[in-house]
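Letter by letter, the chains look like this.
There are 2 protein chains.
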Amino acid sequence: MVIQPNGQIQTFRTENGKMREKSLTMDTLNPQVKAVEYAVRGPIVTKAGDIERGLQQGQKHPFTEVIKANIGDSHAMGQKPITFLRQVVALCSFPELLDSSSFPEDAKQRARRILQGCGGQSLGSYSASQGVDCIRQDIAVYIEQRDKGVPADWDNIYLTTGASDGIVSILKMLVSGQGRSRSGVMIPIPQYPLYSAAISEMEAVQINYYLDEDNCWALDINELHRAYQAAKEHCHPRVICIINPGNPTGQVQSRKCIEEVLHFAYEENLFVMSDEVYQDNVYSPDCQFHSFKKVLYEMGPEYFNTVELASFHSTSKGYSGECGFRGGYMEVLNLDLEVKAQLVKLLSVRLCPPVSGQAAMDVIVNPPLPHEPSYLQFHKEKRAVLGALAEKAQMTEQILNTVPGIKCNPVQGAMYAFPRIFIPPRAVEEAMSLGISPDMMYCLRLLEETGICLVPGSGFGQREGTYHFRMTILPTTEKLKVLLEKLRDFHIKFLKEYASLEEPKR
Amino acid sequence: MVIQPNGQIQTFRTENGKMREKSLTMDTLNPQVKAVEYAVRGPIVTKAGDIERGLQQGQKHPFTEVIKANIGDSHAMGQKPITFLRQVVALCSFPELLDSSSFPEDAKQRARRILQGCGGQSLGSYSASQGVDCIRQDIAVYIEQRDKGVPADWDNIYLTTGASDGIVSILKMLVSGQGRSRSGVMIPIPQYPLYSAAISEMEAVQINYYLDEDNCWALDINELHRAYQAAKEHCHPRVICIINPGNPTGQVQSRKCIEEVLHFAYEENLFVMSDEVYQDNVYSPDCQFHSFKKVLYEMGPEYFNTVELASFHSTSKGYSGECGFRGGYMEVLNLDLEVKAQLVKLLSVRLCPPVSGQAAMDVIVNPPLPHEPSYLQFHKEKRAVLGALAEKAQMTEQILNTVPGIKCNPVQGAMYAFPRIFIPPRAVEEAMSLGISPDMMYCLRLLEETGICLVPGSGFGQREGTYHFRMTILPTTEKLKVLLEKLRDFHIKFLKEYASLEEPKR
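Just so you know, the protein sequences line up as chains F and R, in that order. According to the working numbering, the first sequence is numbered sequentially starting from 28. According to the working numbering, the second sequence is numbered sequentially starting from 28.
Hints are computed from structural coordinates only; laboratory data are not their basis. Just so you know, these numbers come straight off a predicted model, no measurement behind them. Misleading hints may appear alongside valid ones.
Computed from the model, here is a short list of chain R residues facing chain F with C-beta under 10 Å [what the hints assert, rightly or not]:
1. V63
2. L112
3. L118
4. Q148
5. N296
6. S343
7. F352
8. V366
9. L461
Every residue gets a Cβ at the ideal spot worked out from N, C-alpha and C, and that includes glycine.
Based on the provided sequences and hints, a complete structural model is requested.
Below is the structure:
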């Protein structure tokens with residue numbers, strides 16, 4: 028019997044004297060699983076959880092509370108659910124409530140309609156693999172309205188388990204080939220690490236195109252060309268992924284830029300994946316959300332009838348913030364018919380997305396109308412959430428930019444700031460000697476000293492030699508202000524501690 | 028521009044005269060996706076949907092209704108939800124109901140406890156990747172009670188999106204190597220096609236061990252040895268999967284047989300995956316459910332402290348039949364600590380299982396106690412569901428065995444019968460000439476002539492030259508009787524039509 032330093036039994040002798048090892052060890056683990064990284068729930072977050080439990084058990088720390096600004100989890104940060112959405116879900120879950128006078132008629136109408144679409148009129152039946160028919164129809168109507176009349180066919184709509192599920196499914200279809208013909212996937216850097224994780228898991232080739240930090244994280248078409256041409260030498264670029272509004276970078280793409288990307292995709296015959304889960308989260312008055320699909324339509328039939336596009340949406344973000352329901356959908360365009368059948372087959376293996384999440388998605392695309400009883404309350408709640416986010420977006424940028432050694436682009440949309448931080452060379456050296464990235468060391472120190480939990484920029488990707496962190500703007504205004512002030516104080520202290528001849532860069 | 032027979036544009040010339048093809052076609056699709064098969068929602072089910080829509084639009088068929096006995100989807104077949112479960116989910120979804128006097132106190136207590144475990148006390152927050160802590164604790168208590176005191180550690184419990192999600196995640200960890208060192212996965216034949224689909228998708232090696240149809244689909248330990256030894260020549264067998272009670276075969280494994288399997292796994296150093304989603308579905312009075320974990324414990328510490336085991340459960344089956352909520356959990360045993368961290372990382376990428384599904388799972392493991400107000404109703408509803416299933420299991424076996432050319436083993440558990448059907452040589456020839464499997468032709472004909480939707484045995488695997496179908500026992504007693512009688516008449520007619528010199532085998 029061999030006892031490991033961690034107290035585990037690794038190998039031992041069986042009754043008949045055979046040597047026996049664990050069947051699943053770090054040596055025998057699927058190397059693609061080992062290669063996966065997912066910073067949003069990485070070591071910092073684990074440590075934050077440990078500290079939180081310690082605080083509850085009376086351990087002493089230089090703070091009384093851990094503030095988690097690591098993940099876009101609105102309700103966990105105190106945001107209240109949209110009443111109408113929850114009424115509909117409760118009615119669907121327990122249809123006896125349809126007889127209750129304490130629920131508004133429009134919520135009941137939505138619930139009845141959804142239940143009509145479910146097998147046995149129950150949320151407990153599997154839906155079709157693509158999702159409940161009437162919900163897909165509602166989504167198509169919503170998209171047509173959003174895109175000012177651009178046609179949407181509900182046959183192209185697939186409900187998903189959050190947006191992640193759809194993104195992974197489409198990527199899975201697109202990965203093939205070996206060596207130089209292996210599929211390449213173009214992703215923005217910085218990116219949301221679901222993309223890099225999925226690419227690792229599928230052993231596809233990750234092609235980085237860098238967003239332009241000096242230009243408010245805009246997508247630069249020349250950089251796309253550069254990345255594409257360089258990648259062509261060693262793989263077969265097949266997909267371009269765009270996140271708009273940006274995660275972790277908070278920028279909102281201009282219409283012109285979207286048109287350039289689509290033209291590029293058309294010319295290079297790339298499949299376009301547009302992650303548009305933050306479509307309702309636009310704060311800057313100078314910015315507007317343009318869906319990739321609408322722009323494609325406006326470019327004319329030569330584009331609209333040919334470019335293969337999948338766009339993704341979710342219940343988790345926007346004004347509802349319903350992450351736990353794992354609702355989402357994707358719309359595909361110009362998918363080959365046989366490929367579509369293959370996609371349905373692939374989704375069928377997992378049977379269906381959670382039906383309560385589908386119901387939540389339905390409310391988002393089919394909210395109360397002006398003549399309906401819940402209209403006023405719904406819009407009041409929606410405005411309150413989006414108004415507060417807009418305010419916090421501005422506050423975050425303003426306060427961060429008062430700190431020497433921190434530079435933050437405007438948070439035009441989404442839920443995150445991704446400021447650049449100056450880390451003194453001596454701190455960089457120390458981190459290197461510890462075998463961790465400098466921004467990881469920074470975030471660990473920040474957590475230990477202030478209780479603030481952020482994610483290091485290295486978890487999203489950044490230009491060599493630059494350092495960042497991602498923070499959400501989700502804490503309440505009051506708490507966010509405290510967070511930003513603590514962060515400022517920490518940063519100044521950190522700079523002082525590692526002070527060198529070099530001046531912090533602004 | 029090249030227009031395909033299906034009307035799609037496959038290739039065309041761009042503005043600048045370049046030839047452009049669709050980026051994603053059957054030729055460029057990931058071949059692993061292409062290889063996936065999933066019969067439970069395969070072509071028969073698509074056709075059934077088409078016929079159903081046709082009927083609604085007034086098309087004429089020799090029947091007025093499609094009866095779907097292809098999938099274990101209880102509520103779709105008319106089973107009513109368990110009231111207490113839905114009350115708890117509704118309370119969690121819309122906590123204002125906690126003030127309503129129309130909900131019983133025990134349901135409110137469950138809901139409050141679950142919400143306490145959620146970030147911001149909202150079902151809309153992401154849970155930890157492993158699931159909500161208190162639900163994992165409840166599951167551990169449930170397992171200890173089920174297994175008569177065998178210890179369960181909630182650190183080993185992971186909530187999942189249905190059982191499928193857990194099964195795929197564990198398999199993903201175990202697949203590695205190339206060529207002769209590629210991971211082999213032992214699965215029963217017939218099997219639930221999630222296994223073969225996942226194995227295809229991951230390019231692992233499928234190792235078939237055949238269940239013994241002549242012995243009530245029992246698992247024969249000699250057959251395990253045979254399959255293992257044969258597979259060792261061309262791959263590295265690493266996992267054995269067991270489905271108990273069996274899907275599609277409905278058998279319940281004996282304690283002795285489980286012990287043999289575990290001994291075999293121990294000796295050959297195999298990871299054990301026990302799919303126990305039908306643990307509450309045992310109908311035959313001679314049978315009893317034994318969890319693999321409990322048997323392992325009873326084999327002594329040499330086994331209990333070493334064999335790596337993952338067992339799976341779900342909200343979708345049992346007496347609740349809540350498929351749409353996509354709730355489930357897995358318990359792991361003896362997993363290497365570093366591997367465990369890797370598993371959590373892998374699950375983190377998808378953020379968390381649906382929280383309403385987690386809540387549903389909690390009710391199943393933490394039902395009303397004898398002194399609580401909902402106790403009587405809960406048990407009345409539970410008994411009614413399980414009693415009806417037991418009755419239908421028996422009726423299915425009895426009626427099918429009156430049909431010449433059909434032989435059905437007892438449906439001891441789960442929700443399915445998997446009878447063997449005699450298909451006359453001339454029908455086999457006809458199917459071959461059509462390029463489809465004989466049992467597929469049989470099921471297609473059955474659907475077209477009677478409206479009954481079953482899944483051909485070939486979708487689950489069967490011994491060469493034998494033919495089967497899987498049918499659920501879920502239609503109401505009355506409808507099931509009609510189904511079985513129609514099936515009998517169809518079979519007799521089918522035999523007559525293809526009559527040859529050969530006598531139907533009984």
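Hints, one by one, checked against the model:
1. Because the closest C-beta pair between V63/R and chain F is about 6 Å apart, less than 10 Å, the hint holds.
2. A cut of 10 Å between beta carbons decides the hint on L112/R: the least distance to chain F is about 9 Å, and the hint holds.
3. Among the interface hints, the one on L118/R holds; its C-beta lies about 8 Å from the nearest C-beta in chain F, closer than the 10 Å criterion.
4. Satisfaction of the interface hint for Q148/R is found here, the shortest Cβ-Cβ separation to chain F being roughly 8 Å, below the 10 Å cut-off.
5. This hint holds: N296/R has a C-beta 5 Å from the nearest C-beta of chain F, less than the 10 Å allowed.
6. For S343/R, the shortest C-beta to C-beta distance to chain F is roughly 8 Å, which falls under 10 Å, so the interface hint holds.
7. Contact between F352/R and chain F, as hinted, is supported at the beta carbon level, the nearest pair being about 6 Å apart and thus within 10 Å.
8. Annotation: interface hint on V366/R holds; nearest CB of chain F at approximately 5 Å, less than 10 Å.
9. Look at L461/R: its Cβ only gets to about 20 Å from chain F, farther than 10 Å, so that hint breaks.
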